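A.B. asks: Spelled out, the chains give:
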Amino acid sequence: MKKYLLILILLFACSGYSALIERYVNTASTSGGDGTTNATTGDNRAYAGIVEWEAAEGQDLTDGGGDTMSVYCSGSTEDNVGGRLLLNGFTTSEDYNVTVIGDNDTGAWSTSHYRMDMTTNPNILSYEDYTVFRSLQIDVTVSVSIQQVYGNVTVDSCIFKGSFLSGSTSAASMWVYNTIFNGIDCNDTDLTYLFYNCTSTGRFIVRANTTCTLYNVIITSADAFLAAYEGNTLTVNYSSWTEDNAQSDIDSGANNRYNQTFSFVDDTNYDYHLESTDTGALDYGGNSTTGFGISYTDDIDGDTRTGTWDIGADEYVSAGGGWTHKINSVAAANMAKVNTVAKADIAEINQT
Amino acid sequence: MKYLILFLIFVVNVAYSAEFLVYAKEHYSYKENMNASEIKENKTHYKKGDIVLVYKDGTLKEKCVNSAFYFIKIESLSYADALIYMSELASTNLTEKEYDRKRKYHFDLDAFSQELKDQLEADREITITIAQLESNVVTKEE
Chain A
1 MKKYLLILIL LFACSGYSAL IERYVNTAST SGGDGTTNAT TGDNRAYAGI
51 VEWEAAEGQD LTDGGGDTMS VYCSGSTEDN VGGRLLLNGF TTSEDYNVTV
101 IGDNDTGAWS TSHYRMDMTT NPNILSYEDY TVFRSLQIDV TVSVSIQQVY
151 GNVTVDSCIF KGSFLSGSTS AASMWVYNTI FNGIDCNDTD LTYLFYNCTS
201 TGRFIVRANT TCTLYNVIIT SADAFLAAYE GNTLTVNYSS WTEDNAQSDI
251 DSGANNRYNQ TFSFVDDTNY DYHLESTDTG ALDYGGNSTT GFGISYTDDI
301 DGDTRTGTWD IGADEYVSAG GGWTHKINSV AAANMAKVNT VAKADIAEIN
351 QT
Chain B
1 MKYLILFLIF VVNVAYSAEF LVYAKEHYSY KENMNASEIK ENKTHYKKGD
51 IVLVYKDGTL KEKCVNSAFY FIKIESLSYA DALIYMSELA STNLTEKEYD
101 RKRKYHFDLD AFSQELKDQL EADREITITI AQLESNVVTK EE
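From first to last, the protein sequence lines are chains A and B. By my numbering, the letter at position 303 of the first sequence is numbered 303, and the numbering carries on one by one without gaps. By my numbering, the letter at position 138 of the second sequence is numbered 138, and the numbering carries on one by one without gaps.
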């Protein structure tokens, strides 16, 4: 019995150990802690900023049994130290990736929650494959909030006052949903961009062998235009913009709506929640996430999308709708997968 | 009154220092005898001695316990002047993945005196002069 137990332990050890590594950034903390808690003092204090976290924690997440890394960011003071986040210190894969999670639970711009506002353009320059950005806010000292240079990126429930910019060097994708931002310029090769249930204050430009899909997207500015240059593909459905501001070569679906007036709670201050009286977006969306890499049924602040979905980042919910904390679902899914594999291994060992 | 203000400015400039968060280890991808591709890749990561962040005087008030970093405080260096040491060594050649190399400046930690090395090892923190800063900071190759 003891022998078999030892063999079991040995086999389990050899199979590699997978873990969800959780780290914390808190702008009220000071540098030099180990980042393992959200405390602002003491040896285990949070990192003081996202740049410090990236420098300290860079590692190969795919080695051994593979790990996933989640970094939870909080603090009411802006994270503006370090020029920008140059995310390029990890080795990642589809299963073992990095998720950067802010704490904005409001679905609107909030100065009492974590937000980046660095001085170098873009604020986030992402090279890590399969990175997820969730519930983050980026202010607009510079024009570009995030540039994806390499790999696949997912953006969920963020508010970026700046734009997106692509600069990928190889086939890659960017999945963006429930997010508010200022448009995008897709200007590099072999990219697939999917924008679902987003609210954009700016333009969409697609070129250089790029495929871009907009679904349930509001483009708020009357001056913002849609353009697909050089034979590239821009497919748009269940979305709304000013009709005059689109080139004829976009692939426009049957359910788009043009020249609408929207009723937002306070768009001047980046609160794009729909009013109950809205006639432009409320109940005019499509319900399908077919073709999208991630199936989602919630909105920017965690409300469940029901009935006929609304266009844009927010799903209108009458009184009583509240925020559900968007825990790291991607990492959790990966961990479930890891755990399943580990359990299968153990079952196999037991049978042996 | 004018002289008092000038005096205060003088005192502030002399007394205050800038504080650096310095990368204390080699990046995990670093190894001996790297091939050309690995060298190129490694250049894009932080390297030992890189000045990761620059802070104003008094910011790094808690002890550094993270093995990834040292605190190096520079006497009489203003925060505004210190910010230059956080510059990126940028490249615009994205197609060759010769992108930004994190930081342009780094400390040659091996060239520090044994006394400073011992202090860094023991406390993870030292205070040096501007002259020591200038003699120990290296600019990476373009």
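Hints listed in this document are in silico derivations from the structure and should not be mistaken for laboratory results. Note that the structure is predicted; figures quoted are calculated from it, not measured. Backbone N, C-alpha and C fix where the C-beta goes; we use that ideal spot for every residue, glycine too. Wrong hints could be hidden among the right ones.
[To be verified] With beta-carbon atoms standing in for the labels, derived distance ranges:
{"no.": "1", "chain 1": "B", "residue 1": "SER113", "chain 2": "A", "residue 2": "SER93", "range": "39 to 47 Å"}
{"no.": "2", "chain 1": "A", "residue 1": "ALA254", "chain 2": "B", "residue 2": "LEU83", "range": "29 to 37 Å"}
{"no.": "3", "chain 1": "B", "residue 1": "THR127", "chain 2": "A", "residue 2": "ASN209", "range": "48 to 56 Å"}
{"no.": "4", "chain 1": "B", "residue 1": "TYR28", "chain 2": "A", "residue 2": "GLY293", "range": "46 to 54 Å"}
{"no.": "5", "chain 1": "B", "residue 1": "SER78", "chain 2": "A", "residue 2": "ASP43", "range": "28 to 36 Å"}
{"no.": "6", "chain 1": "B", "residue 1": "ASP110", "chain 2": "A", "residue 2": "GLY231", "range": "25 to 33 Å"}
A.B. asks: Does the Cβ distance between SER78(B) and ASP43(A) fall inside 28 to 36 Å?
C.D. replies: 30 Å Cβ-Cβ, so the 28 to 36 Å window holds.
A.B. asks: Is the hinted range of 25 to 33 Å satisfied by the C-beta distance from ASP110(B) to GLY231(A)?
C.D. replies: Violated: the Cβ-Cβ distance is about 55 Å, outside 25 to 33 Å.
A.B. asks: Please test the hint of 39 to 47 Å on the beta carbon pair from SER113(B) and SER93(A).
C.D. replies: Between SER113(B) and SER93(A), where Cβ atoms are some 44 Å apart, the hint holds.
A.B. asks: Given the range 46 to 54 Å, decide if the beta-carbon distance of TYR28(B) to GLY293(A) lies inside it.
C.D. replies: 29 Å, violated
A.B. asks: Check the following: the C-beta atoms of ALA254(A) and LEU83(B) are separated by a distance inside 29 to 37 Å.
C.D. replies: Given about 54 Å between the Cβ atoms, the range is violated.
A.B. asks: Mind checking the hinted window 48 to 56 Å against the Cβ distance between THR127(B) and ASN209(A)?
C.D. replies: 54 Å, holds
Going down the numbered hints, you'll see the structure goes against 2, 4 and 6, while the others check out.
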